[in-house]
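Please model the entire structure based on the sequences and the hints provided.
Chains G and Y are the protein sequences, given in the same order.
Per our numbering, the very first residue in the first sequence carries number 35; after that it's consecutive.
Per our numbering, the very first residue in the second sequence carries number 127; after that it's consecutive.
Worth double-checking, as some hints may not be accurate.
Claimed, not checked - Okay, derived cross-link-like pairs now, DSS-like style, lysine-lysine, Cα gap no bigger than 25 Å in a straight line:
(1) Y/Lys482 - G/Lys314
(2) G/Lys294 - Y/Lys184
(3) Y/Lys387 - G/Lys378
(4) G/Lys294 - G/Lys378
(5) G/Lys106 - Y/Lys429
(6) Y/Lys200 - Y/Lys482
(7) Y/Lys241 - G/Lys378
(8) G/Lys254 - Y/Lys192
(9) Y/Lys482 - G/Lys106
(10) Y/Lys464 - G/Lys299
(11) G/Lys299 - Y/Lys191
(12) Y/Lys241 - G/Lys314
(13) Y/Lys192 - G/Lys291
(14) G/Lys214 - G/Lys266
(15) G/Lys294 - Y/Lys387
(16) G/Lys367 - Y/Lys241
(17) G/Lys388 - G/Lys378
(18) Y/Lys212 - G/Lys254
(19) G/Lys201 - G/Lys266
(20) G/Lys294 - Y/Lys191
(21) Y/Lys482 - Y/Lys228
(22) Y/Lys464 - G/Lys317
(23) Y/Lys184 - G/Lys317
(24) Y/Lys200 - Y/Lys228
(25) G/Lys294 - Y/Lys193
(26) G/Lys368 - Y/Lys200
(27) Y/Lys241 - G/Lys299
(28) Y/Lys200 - G/Lys314
(29) Y/Lys192 - G/Lys317
(30) Y/Lys387 - G/Lys254
In short, the hints are calculated from the structure, not lab data.
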Amino acid sequence: MAEGSRDQAAGVGTTDPEDDSPNMIVYRKIEDIVMRIQDEKAGGVAIRTVKSFLSKIPSVVSGADIVQWLMKNLSIEDAAEAIHLGSLIAAQGYLFPISDHVLTLKDDGTLYRFQSPYFWPSNCWEPENTDYAIYLCKRTMQNKARLELADYEAENLARLQRAFARKWEFIFMQAEAQVKIDRKKDKAERKILDSQERAFWDVHRPVPGCVNTTEMDIRKCRRERNPHRVKKSVYGVPDDSQSQPSPVHISSQPARKPTKEDVQKEITFLNIQLDRHCMKVSKVADSLMGYTEQFMEYDPFVSAVEPSNPWISDDTTFWDLEASRDPSQQRVKKWGFSLEEALKDPAGRDQFLKFLESEFSSENLRFWLAVQELKRRPLCEVASRAQEIWQEFLAEGAPSSINLDSHSYERTSQNLKDPGRYSFEDAQEHIFKLMKSDSYARFLRSNIYQDLLLARKKVSNTDLTSTLYSLALISFLLLFGVFAAT
Amino acid sequence: MCDQTFMAITFGPCDNCSTTSPLMNIYIKNEPTNYCSFCVEMMACQGLLKGETLASLKNESESLKKKLEEERAKLHDVELHQVAEKIEVVSALSIKTRRVLKGHGNKVLCMDWCKDKRRLVSSSQDGKVIVWDGFTLNKEHAVPMPCTWVMACAYAPSGCAIACGGLDNKCSVYPLSLDKNENLAAKKKSVAMHTNYLSGCTFTNSDMQILTSSGDGTCALWDVESGQLLQSFHGHTADVLSLDLAPSETGNTFVSGGCDKKANVWDMRSGQNVQSFETHESDINCCRLYDLRADREVAVYQKDSIIFGVSSLDFSLSGRLLFGGYNDYTINIWDVLKGNRVSMLFGHENRVSTVKVSPDGTSVCSASWDNTLRVSRALGMPWLLVLYSLT
Numbered sequence: 035m036a037e038g039s040r041d042q043a044a045g046v047g048t049t050d051p052e053d054d055s056p057n058m059i060v061y062r063k064i065e066d067i068v069m070r071i072q073d074e075k076a077g078g079v080a081i082r083t084v085k086s087f088l089s090k091i092p093s094v095v096s097g098a099d100i101v102q103w104l105m106k107n108l109s110i111e112d113a114a115e116a117i118h119l120g121s122l123i124a125a126q127g128y129l130f131p132i133s134d135h136v137l138t139l140k141d142d143g144t145l146y147r148f149q150s151p152y153f154w155p156s157n158c159w160e161p162e163n164t165d166y167a168i169y170l171c172k173r174t175m176q177n178k179a180r181l182e183l184a185d186y187e188a189e190n191l192a193r194l195q196r197a198f199a200r201k202w203e204f205i206f207m208q209a210e211a212q213v214k215i216d217r218k219k220d221k222a223e224r225k226i227l228d229s230q231e232r233a234f235w236d237v238h239r240p241v242p243g244c245v246n247t248t249e250m251d252i253r254k255c256r257r258e259r260n261p262h263r264v265k266k267s268v269y270g271v272p273d274d275s276q277s278q279p280s281p282v283h284i285s286s287q288p289a290r291k292p293t294k295e296d297v298q299k300e301i302t303f304l305n306i307q308l309d310r311h312c313m314k315v316s317k318v319a320d321s322l323m324g325y326t327e328q329f330m331e332y333d334p335f336v337s338a339v340e341p342s343n344p345w346i347s348d349d350t351t352f353w354d355l356e357a358s359r360d361p362s363q364q365r366v367k368k369w370g371f372s373l374e375e376a377l378k379d380p381a382g383r384d385q386f387l388k389f390l391e392s393e394f395s396s397e398n399l400r401f402w403l404a405v406q407e408l409k410r411r412p413l414c415e416v417a418s419r420a421q422e423i424w425q426e427f428l429a430e431g432a433p434s435s436i437n438l439d440s441h442s443y444e445r446t447s448q449n450l451k452d453p454g455r456y457s458f459e460d461a462q463e464h465i466f467k468l469m470k471s472d473s474y475a476r477f478l479r480s481n482i483y484q485d486l487l488l489a490r491k492k493v494s495n496t497d498l499t500s501t502l503y504s505l506a507l508i509s510f511l512l513l514f515g516v517f518a519a520t
Numbered sequence: 127m128c129d130q131t132f133m134a135i136t137f138g139p140c141d142n143c144s145t146t147s148p149l150m151n152i153y154i155k156n157e158p159t160n161y162c163s164f165c166v167e168m169m170a171c172q173g174l175l176k177g178e179t180l181a182s183l184k185n186e187s188e189s190l191k192k193k194l195e196e197e198r199a200k201l202h203d204v205e206l207h208q209v210a211e212k213i214e215v216v217s218a219l220s221i222k223t224r225r226v227l228k229g230h231g232n233k234v235l236c237m238d239w240c241k242d243k244r245r246l247v248s249s250s251q252d253g254k255v256i257v258w259d260g261f262t263l264n265k266e267h268a269v270p271m272p273c274t275w276v277m278a279c280a281y282a283p284s285g286c287a288i289a290c291g292g293l294d295n296k297c298s299v300y301p302l303s304l305d306k307n308e309n310l311a312a313k314k315k316s317v318a319m320h321t322n323y324l325s326g327c328t329f330t331n332s333d334m335q336i337l338t339s340s341g342d343g344t345c346a347l348w349d350v351e352s353g354q355l356l357q358s359f360h361g362h363t364a365d366v367l368s369l370d371l372a373p374s375e376t377g378n379t380f381v382s383g384g385c386d387k388k389a390n391v392w393d394m395r396s397g398q399n400v401q402s403f404e405t406h407e408s409d410i411n412c413c414r415l416y417d418l419r420a421d422r423e424v425a426v427y428q429k430d431s432i433i434f435g436v437s438s439l440d441f442s443l444s445g446r447l448l449f450g451g452y453n454d455y456t457i458n459i460w461d462v463l464k465g466n467r468v469s470m471l472f473g474h475e476n477r478v479s480t481v482k483v484s485p486d487g488t489s490v491c492s493a494s495w496d497n498t499l500r501v502s503r504a505l506g507m508p509w510l511l512v513l514y515s516l517t
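What follows is the structure, encoded as structure tokens:
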């Protein structure tokens, strides 16, 4: 069991992986970033009060400053990437534009404010509609122009009024109480708090068309440890409704405590791993490099595709050629990489079979192919097919008798007493090794293979020559045409 | 270890074995009892055995883990990216989206390519499974599922069937008919049954077998025809979220990743867990490369500016490039050998749920929570070659 030797970058803080929210790791990372940005002494941005017309806007920073900070401190070379990251941090609810409901970051003079830790998503807010109703209601009670409801908010309010028709008096009272509490606060402080509260609701009740970042992957929901915990209210409203547990939140696998048997199994496993022969990283690295190097010319993301990549040119010739049994020189070259590669390609299989037939030793490959096919059969056909294979290749006086060592033969004959998909595994492995070390090498040297490998080269040369001739002719005609016109 | 010299308070039948002998006055679970010396010895040792065994086994396991780590560390003589310094850099890729597939009404959770390199199947939270011709953007089939959150889907190697499942805890196979009017849902075949959600499914090299992974912590291999369980794979201690087959046709292994922070390699024939890799972080947040021969992590792909997790990965055909779909709506493309990021693909408007390279490597498809799928391709050298030959 290998363990990662490298740890995540520092700054994760006191992450308790048992935390409720599945996004906790990301929240901690964002919080680390946001705290660093606000720490002016440690190289953060300058958060200032900006004068605007007759009023002052407290505690803001420009989008451009944030983008610059992100680029410098997170080693981002491309401004677009920094803007994208900043927009995501905003969308999650950690910073917001002071005069827009849509949470994105712009690389200009647009002013932004940071969210109060009280409203951070890591506090696992799941605000109810009653809270939202109270919020919208209290907004209508305040006469400030800046607190006017946007269209979608007005629509939401109307919907909630219908839904909570019976409770509306209660909601109205709560809203009034909130307004009274707010009035007691300092003016500048209120501006900031109001905007933060609005940004909170922009996350939990986003503008229609915006991504709702509070949506969770259902697989994580099912693993929530405490799905029935009492959710706290933003405005201190007691949760009087018996919340029905949604089917989504039924917890799945509770983490089992390891039993003695589990630990014993682990010990056995570890002992097996200790006995395993492993390769050095240097060897493995060379092997990986060799493999990628060999296949680079076949990788359409790295090398050119002949004649063209269908997804770019909208021309499917490339696919038609690949599907044909008439292989290109490049394709034939691949068969020489390994026996597996040759057998992967139907054309390669055909040619190898043809070669073996010419040597009167095709039974090995036919056996191998038959066993591969056996493993792909439905269960009900397996037993009978296995018997057929035995009769054809291994039984006394079999028509296509293959050569197996006595040990494998015994093993296989034993397996056939209760035939299954893997009855011939031993034999198949043995035959594959045989083909690899013997017939395959000779195949690569054979005329059948060499003709294909070289013949294609000649053809493509002629193609290239004729293309050049046509191009030369066209350019000559063009020049002639230009000359004649002047 | 028999000690007969003790204070005999009573003499009589032992409360345990009933033999008449000098008895010791002891307390078992706060109850006074009288045991003969032999029974006292037996009981005392047993108690010790029980308490000690689990702890001592755990100690043994821990020391073995340490030893294993030491042994493996000895083989870690160089870093992959150091060895890769001598090879050429991959030329800067300009990745462009060539097709956007719209039609799902909700988050697209999974997709799979057909072996014909142009068709693909996708499944969504809206309960629909759609088969597309990615090349023409044509929707060829749309199958409504009885449940929402269809988290897994797969295309059969023959191209004649698809498999899908999710919150219904099942994996069902639908044969694809050429007759557009035929109701595919009617031909549904229930194959796999788990006790929790289906997180992943794939056909093995045949239409006749399906490999599934589930939130119940197990993986399983099924015979499609009969629905019979061929092999089950136990070992994960939490939900299994993903699986992938070994690329070779001669291979018999697959790997599964779970919420227990482990990636396990399994032998399909025996059901045995042959190798296991563990990370310290939960819910894999950066990409790690483990080499099976070195039995070790050999590379990590991460950046300070990437703070959101990876949901899905795939290699390019040569294995040189690694495509990662992230929860920050982007796809990052890594140089597997050198360890640096080669390119980045924007475009999706919500998190990327699945990323898969087409079977011949000509394009990569990404499915997203923004209800769309995008097929993207690198603009590369062909144009340069043509220009060169004209001059």
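Please verify whether G/Lys254 and Y/Lys192 have alpha carbons no more than 25 Å apart.
At roughly 32 Å apart (the allowed maximum being 25 Å), Y/Lys192 and G/Lys254 break the hint.
Pair hint Y/Lys212 and G/Lys254, alpha-carbon separation not exceeding 25 Å
violated, 43 Å
Between the alpha carbons of G/Lys299 and Y/Lys191, is the straight-line distance 25 Å or under?
This hinted pair holds, its Cα atoms lying about 13 Å apart.
Taken at face value, is the distance from the CA of Y/Lys429 to the CA of G/Lys106 at most 25 Å?
holds, 14 Å
Could you grab the alpha-carbon distance between Y/Lys464 and G/Lys299 and see if it respects the 25 Å cut-off?
Roughly 38 Å between the alpha carbons, so the hint for Y/Lys464 and G/Lys299 is violated.
Hinted pair, alpha-carbon criterion (25 Å max): Y/Lys192, G/Lys317. Please report holds or violated.
holds, 24 Å
Taking only the CA atoms, is the gap from Y/Lys184 to G/Lys317 under or equal to 25 Å?
violated, 34 Å
Would the hint linking G/Lys368 and Y/Lys200 be met if the CA-CA limit is 25 Å?
At roughly 36 Å apart (the allowed maximum being 25 Å), Y/Lys200 and G/Lys368 break the hint.
So if I understand the rule, the pair passes when the alpha-carbon distance is 25 Å or less; does Y/Lys482 with G/Lys106 pass?
Between Y/Lys482 and G/Lys106 the Cα gap is close to 33 Å, so the pair fails against 25 Å, i.e. violated.
Could you grab the alpha-carbon distance between G/Lys294 and Y/Lys387 and see if it respects the 25 Å cut-off?
holds, 21 Å
Next pair to validate is Y/Lys387 with G/Lys378; report whether the Cα-Cα distance is within 25 Å.
violated, 34 Å
Would the hint linking G/Lys294 and Y/Lys191 be met if the CA-CA limit is 25 Å?
holds, 17 Å
Of the numbered hints listed earlier, those contradicted by the structure are 1, 3, 4, 6, 8, 9, 10, 12, 18, 23, 24, 26, 27.
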